[in-house]
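Trainee: Residues per chain, in single letters:
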Amino acid sequence: MTQTNRLEGGQINRQKIVQFAFNDQMYNAHPGDTLASALLANGIKHVGSSFKYHRPRGIFSAGPEEPNALVELRRGAAQEPNTRATVAEVFDGMMARSQNHKGPLGFDLMGVNDLLSPFLSAGFYYKTFMWPKAFWEKLYEPIIRASAGLGSLSGLPDPDTYDKGFLHADILIIGAGPAGIAAALQAGRSGARVILADEDFTPGGRLNAENLSVDGSQGTDWVKASLAELSQLDNVRIMTRTTIYGAYDHGIYGALERKTDHLAKSEGMPRQVLWRIYTKQAILCAGATERSIAFGNNDRPGIMLAGAVRAYVNRWAVTPGKRIAVFTNNDDGWRTATDLVAKGVEVSAVIDSRATKAPTDVAGAIVVMGATVTNTFGRKGIHTFSLSNGQSIKADCLAVSGGWNPNVHLTCHQRGRPVWNETQACFVPGGDLPMGMLVAGAANGELSLGQALSAGYATANTAMQNLGLSAAASNAPNADEESTKVTAFWHVKESAKRCWIDLQNDVTTKDINVSYQDGFRAVEHLKRYTTLGMATDQGKTSNVLGLAIMAEHSGKTIEQTGTTIFRPPYTPVPIGALAGRCRGEDFRPVRHTPSHGWAEQQGAVFVETGNWLRAQWFPQPGETHWRESVDREVIQTRESVGVCDVSTLGKIDVQGKDAGEFLNRVYANTFATLAVGKVRYGLMLREDGIVMDDGTTARMSENHYVMTTTTANAVSVFRHMEFCRQCLWPGLDVQLISATEQWAQFAVAGPNARKLLQKVVDADTDLSNEAFPFMACSEIKVCGGTPGRLFRISFSGELAYEIAVPTRYGNSMMAALMEAGEEFNAVPYGTEALGVMRIEKGHAAGNELVGQTSALNIGLGKMVSKKKDSIGSKMSEREGMNTENALNLVGFKPVNRDKPLLAGAHFVSKGAEPTMENDEGWMTSVAYSPSLGHSIGLGFIQRGADRMGEVVHASDQLRGGSCDVEIVSPHFIDPEGERLRG
Amino acid sequence: MIINHPLLGPRDAAEFVYLGDASLINRPDGLTADASGDFYEYLYLRDNPAGLHKELWYHEQGDRSWLVVTRNTLTHEITEVELARDVAKAQGRDK
Amino acid sequence: MRYSALKIIKEGLTGNKGWTPAWREPEPRSQYDVVIVGGGGHGLATAYYLAKVHGVTNVAVLEKGWLGSGNIGRNTTIIRSNYMLPGNQPFYELSLKLWEGLEQDFNYNAMISQRGILNLCHSDPQRDAYARRGNAMLMSGADAVLLDADGVRKLCPEMDFDNARFPIKGGLWQKRGGTVRHDAVAWGYARGADERGVDIIQNCEVTGMQINNGVCTGVETSRGRINAKKVAVCVAGSSGRVMSLAGMRLPIESHVLQAFVSEGLKPTIPGVVTFGAGHFYISQSDKGGLVFGGDIDGYNTYAQRGNLPTVEDVCEGGMALMPNIGRARLLRSWGGVMDMSMDGSPFIDKTDTKGLYFNGGWCYGGFKATPASGWCYAHLLATDTPHETATQMRLDRFQNGRMIDEKGMGAQPNLH
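Protein chains in written order, with this note's numbering: chain A, 1 to 982; chain B, 1 to 95; chain C, 1 to 416.
Note that these hints are calculated values from the structure, not bench results.
No residue lacks a Cβ here, since even glycine has one placed at the ideal position from N, Cα and C.
A few of these clues could be false.
What the hints assert, rightly or not - Straight-line C-alpha distance at most 30 Å; calculated DSBU-like pairs for lysine-lysine:
| # | chain 1 | residue 1 | chain 2 | residue 2 |
| --- | --- | --- | --- | --- |
| 1 | C | Lys266 | A | Lys510 |
| 2 | C | Lys10 | A | Lys493 |
| 3 | B | Lys95 | A | Lys678 |
| 4 | C | Lys154 | A | Lys102 |
| 5 | A | Lys322 | A | Lys343 |
| 6 | C | Lys407 | A | Lys893 |
| 7 | C | Lys154 | A | Lys133 |
| 8 | A | Lys380 | A | Lys497 |
| 9 | C | Lys17 | A | Lys493 |
| 10 | C | Lys175 | A | Lys138 |
| 11 | A | Lys265 | A | Lys16 |
| 12 | A | Lys866 | C | Lys407 |
| 13 | B | Lys89 | A | Lys868 |
| 14 | C | Lys175 | A | Lys133 |
| 15 | A | Lys133 | C | Lys52 |
| 16 | B | Lys95 | A | Lys867 |
| 17 | A | Lys133 | C | Lys17 |
| 18 | B | Lys54 | C | Lys407 |
| 19 | C | Lys266 | A | Lys102 |
| 20 | A | Lys280 | B | Lys54 |
| 21 | A | Lys866 | B | Lys89 |
Stated by the list, open to error - From chain A, some residues computed to sit far from chain B (all C-beta separations above 10 Å):
| # | residue |
| --- | --- |
| 22 | Gln19 |
| 23 | Leu120 |
| 24 | Asn389 |
| 25 | Glu481 |
| 26 | Ile565 |
| 27 | Lys759 |
| 28 | Ser929 |
Can you build the whole structure from these sequences, using the hints too?
Mentor: Here's what the structure looks like:
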């Protein structure tokens with residue numbers, strides 16, 4: 001196809017032609033084009049449907065503020081909804097589709113909404129759809145949901161990757177327009193570490209769009225020369241396609257760099273990089289965004305911002321129309337007319353709401369001062385408009401300028417409020433800027449080129465001064481002062497037709513009127529009631545207009561009416577980019593146990609335990625159900641010997657003269673009396689008397705203890721102990737270090753445990769019951785001189801040991817243990833068998849220690865020593881934690897032994913209704929006990945310790961698994977503890 | 001946020017774990033007659049000021065120091081960072 | 001004015017000129033029976049039920065900014081009653097039942113949409129905990145279904161089932177859970193309260209409490225002194241600040257919770273889904289935006305904004321669970337200040353000062369509680385006895401060791 005609207009010049013590469021598809025039709029474009037400029041070059045005006053009324057819409061702007069021209073870009077898994085055609089760079093093979101319409105774009109069936117518009121005014125949905133009640137969810141809401149929304153996601157996983165990075169700078173300059181470049185030149189020449197970031201793919205900002213000169217040369221040439229100089233400076237980093245999307249505390253900025261969005265494929269590169277930039281000073285040079293004027297039917301394709309028309313003509317050498325008119329309230333709008341004429345485009349008229357003298361001549365144009373546009377005609381593209389003086393004028397493009405709004409967005413991200421500047425008719429940054437932020441150029445209300453350049457230069461010097469750096473002796477770039485005179489004008493009240501304010505969300509002046517009548521007059525009420533400024537453009541072209549029109553309605557000034565602030569991000573950021581690499585299997589790091597490799601070779605099934613992967617069971621050939629494996633592991637362990645990697649338990653080395661005293665305070669039970677070479681079970685409470693953790697602590701020597709914690713609490717217990725050490729008792733001589741990752745540790749349990757171990761430890765180690773009794777510990781040597789530690793402790797209830805070696809020997813140790821155990825038919829067991837055996841033994845674990853249970857609840861109330869002041873002892877005395885009806889941890893057996901118990905069932909007395917009033921507790925852990933041949937459970941029940949033998953009802957309405965259960969001792973196996981002492 | 005660690009210099013707050021009001025240093029004596037009331041106030045009641053707040057941060061991804069950070073809860077500005085051990089000692093805490 | 005489809009058609013045909021303000025803008029009077037401090041969801045609901053249920057209409061609601069400017073306008077709009085403990089569950093179930101009849105009750109469409117809430121589990125202990133919770137819900141008359149992985153897949157096929165670091169093992173599904181158009185709740189209550197004679201006074205900041213001999217007799221405000229027989233504080237997020245005017249320290253810290261919304265998309269998320277292996281929950285609004293959030297930032301703050309680590313953490317959870325949302329764009333993020341209490345549960349109670357009442361400590365769960373909070377607070381104010389579903393929501397529960405700690409995190413507010 002020919003590019004019918006292409007002009008001469010512009011910053012495009014005419015040597016190359018790229019092809020792109022829009023709604024399945026192929027078109028030509030040039031590198032340097034955006035999708036919007038390419039569509040305009042090909043004469044395409046109607047590019048989308050509006051949100052509510054499904055009105056035909058065209059390209060409105062030339063930047064990120066675009067409300068209308070949103071497309072679904074790419075196909076398949078890479079489909080990207082709501083992409084603004086005005087910032088999407090064209091590439092060869094680009095596929096784009098219009099969105100939010102039923103049927104082809106030209107015949108949007110949802111267009112019927114437009115006819116119903118009198119009934120769809122602001123907030124109409126709050127006033128209806130209430131009857132009959134059931135209809136909201138069954139009828140109204142599904143219809144609304146299906147018609148709402150804009151583009152579609154593909155439903156497939158995002159195929160791209162995203163990276164994250166961190167940068168540091170003395171000065172971050174946000175925006176490489178005239179002010180930003182002037183600031184970068186000065187700061188860069190002075191030697192500061194500078195980052196100059198711009199969202200565009202071509203730096204220069206408005207200079208690219210204007211026909212203005214700097215220091216005597218064409219603006220775009222000055223940009224090129226300046227960038228060339230900056231790129232020679234080692235202390236300056238220029239980042240294009242990089243949007244600074246948010247200003248966060250203490251000078252931290254979020255940035256999104258688009259790496260491959262302008263390419264057909266990512267080709268192994270990350271699609272985007274999310275940078276966190278740490279700065280001492282930041283200079284916001286984000287420019288300004290033009291706003292529209294509200295007049296009748298001002299939303300038609302072909303009605304555009306005047307500055308955007310200028311940008312298309314100058315930068316992209318594209319004319320949005322063959323016969324263009326301008327409607328303005330300011331001098332800047334006139335430059336659109338003069339630039340068009342200079343490019344040889346016919347200008348049919350210039351309408352200025354100000355009843356003053358025309359600021360300039362425009363060849364061939366009808367000039368009407370003091371008049372306004374009241375209505376426009378042409379459903380899929382404007383062809384005619386009428387004026388307040390009754391005149392009718394032909395134009396296929398109407399360029400509108402209602403003045404410029406400084407891009408104050410980032411100044412608001414820490415809740416700073418912009419202030420109204422009456423002369424310039426715009427909001428400028430207020431005084432409460434984010435720490436270290438300065439603002440220069442149009443973003444600061446310095447709207448002319450000359451002002452922007454000198455402000456950029458001066459602000460760089462201010463930043464240097466704030467940093468204590470000296471400024472280079474160079475001069476500010478110079479430019480003529482073009483006129484930016486403006487007389488605020490918002491709304492053509494004579495228009496009988498709807499006048500749009502927010503194009504994307506279809507908010508018109510009539511909605512403001514209804515909002516006012518309904519009492520929604522505060523700015524935030526207005527926004528929320530009408531949805532003004534809530535669309536994907538976040539009101540960049542509409543907020544101020546809406547505010548001003550509400551002010552007119554209320555008879556108040558804009559200052560009295562208020563302002564709304566902007567929240568991050570400045571422009572939308574893909575969720576994929578914010579997540580980076582943390583997705584799928586890489587969501588969180590994986591921790592492997594020291595014997596992971598060995599377990600893998602055995603074909604173990606693994607389970608996630610926090611970030612750890614632990615062997616859950618070790619299936620053997622012929623086993624078809626996990627229970628077979630687990631039952632076998634339990635039986636073999638209880639009959640002979642089993643080995644389990646328990647390295648995930650937290651290990652904390654506690655040393656120092658006062659280590660014993662320290663443990664005495666962090667544990668509820670007494671530790672000061674623990675003998676060297678002995679281990680003791682320790683119960684740790686939170687300060688509120690609830691159980692925090694438990695484990696064993698071994699006294700290896702006079703001033704050296706080794707503590708274990710549960711796997712889940714390894715980190716938080718260590719943190720807590722450091723708090724106690726540093727903040728509560730800084731005078732105690734005690735040092736802590738986490739040794740979780742330094743030691744591989746294995747439980748060796750079962751009647752043959754001693755025999756097995758004897759083969760592994762070095763010959764001089766006496767493991768006899770007399771020399772190494774239950775709860776003994778010792779430094780040992782294994783496998784011929786490898787240092788290790790041995791603890792005679794038991795979680796399974798069997799004769800058991802835990803043997804520890806430095807982590808690097810862990811995998812070999814596991815293999816050595818199993819080899820030594822071969823003659824005893826030793827079995828490796830996983831976390832499931834571990835769990836079964838601890839339930840059989842009645843040990844509380846994660847399911848019981850849920851942060852809601854006290855020592856009393858788990859049957860260890862007497863362990864809380866009253867003779868000393870330990871963490872949690874005082875608060876555990878509170879009356880509510882010591883009532884007659886307190887929960888006790890007990891065991892449960894199903895009355896019908898064939899019935900499987902279910903964790904999470906709640907107990908009620910037999911015959912009682914299963915209601916919350918009758919709730920007496922719940923089942924915490926269950927297992928099939930291969931030793932007993934039926935299901936067993938642990939659980940909390942009121943007064944449980946006094947109710948042995950009572951039958952109660954375990955109610956499980958959730959799974960229909962209710963059954964009667966008998967309250968029994970939680971120690972199902974070897975209640976006297978003979979085995980573990982054997 | 002950035003916390004200027006007294007030993008390590010400026011560090012991203014993401015390296016730290018937050019606990020709460022630095023008054024948690026002032027743990028009462030559990031063996032006195034008024035201990036119940038003291039512990040209730042110590043553990044549960046907070047000034048929760050809108051303004052300067054002395055608070056405890058733990059350098060978990062770093063040197064394991066507990067710090068007392070003085071930070072404004074309205075602006076997040078940090079005006080002082082001290083080692084909690086020093087603060088505790090200065091307040092008379094010892095063994 | 002009664003709202004209806006007929007009224008809309010009539011107004012539409014006559015140029016939409018006959019609408020009247022949803023509430024008056026009265027000047028404060030010098031004396032009320034009840035002054036409610038805080039014109040957010042809970043305060044307005046309290047006023048509404050005081051007037052409607054108890055016939056107490058000599059009431060003022062004082063709001064520092066514009067009505068609904070607190071957390072009612074800054075939340076992620078979820079309603080549910082999937083609580084476990086006896087101190088909470090009946091209260092939240094009352095709330096859900098009130099939600100179910102609310103729109104017809106106050107003649108305002110708040111778009112209550114019970115499309116369900118699904119809490120995912122990724123481990124056996126997590127499933128056991130959900131079973132405990134689900135059974136508790138059923139025992140107090142709420143609804144709950146425990147799903148296995150296949151059941152979850154049917155509801156939400158686009159989640160990561162095959163490549164996940166923490167595979168989805170199942171979930172607890174409450175069909176009656178869902179979402180509500182949050183602002184409309186404030187507006188509906190305000191309109192209903194105003195109609196019944198309650199004065200809603202915006203831009204009126206309470207600057208002091210009148211307390212003599214242990215009796216509260218009114219408040220000082222930026223618009224003068226207002227006397228009241230009862231002063232009912234209801235300013236979650238700012239409870240610390242306001243109650244300090246009465247010299248009270250609270251078992252509460254103020255924290256910021258960030259929330260996020262994406263650009264509008266065609267329907268892709270069925271109801272509310274919460275990730276069990278990271279900090280992430282999500283729903284989709286009627287307008288098409290993905291509304292999502294995660295954990296609080298974790299430090300004390302009164303600033304209504306947060307920081308990047310939390311933003312990224314939330315999105316990581318999102319991508320881990322739903323890799324199909326990677327190309328959806330985050331449109332806007334904001335922060336709300338939460339009253340984080342010492343056990344994660346709220347307070348609706350008298351104080352030691354006669355005539356001064358307190359409602360707060362809602363953590364990040366206040367939105368769903370709005371109707372029941374108003375209902376129970378109105379009950380307390382009218383009868384001076386706690387409502388039967390709120391008997392445990394007392395200020396003295398920490399003194400006597402009767403915490404309502406759903407998550408079991410203890411006296412550290414940022415962990416709840």
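Trainee: Which constraints among the numbered hints does this structure fail? Numbers only, ascending.
Mentor: Violated: none.
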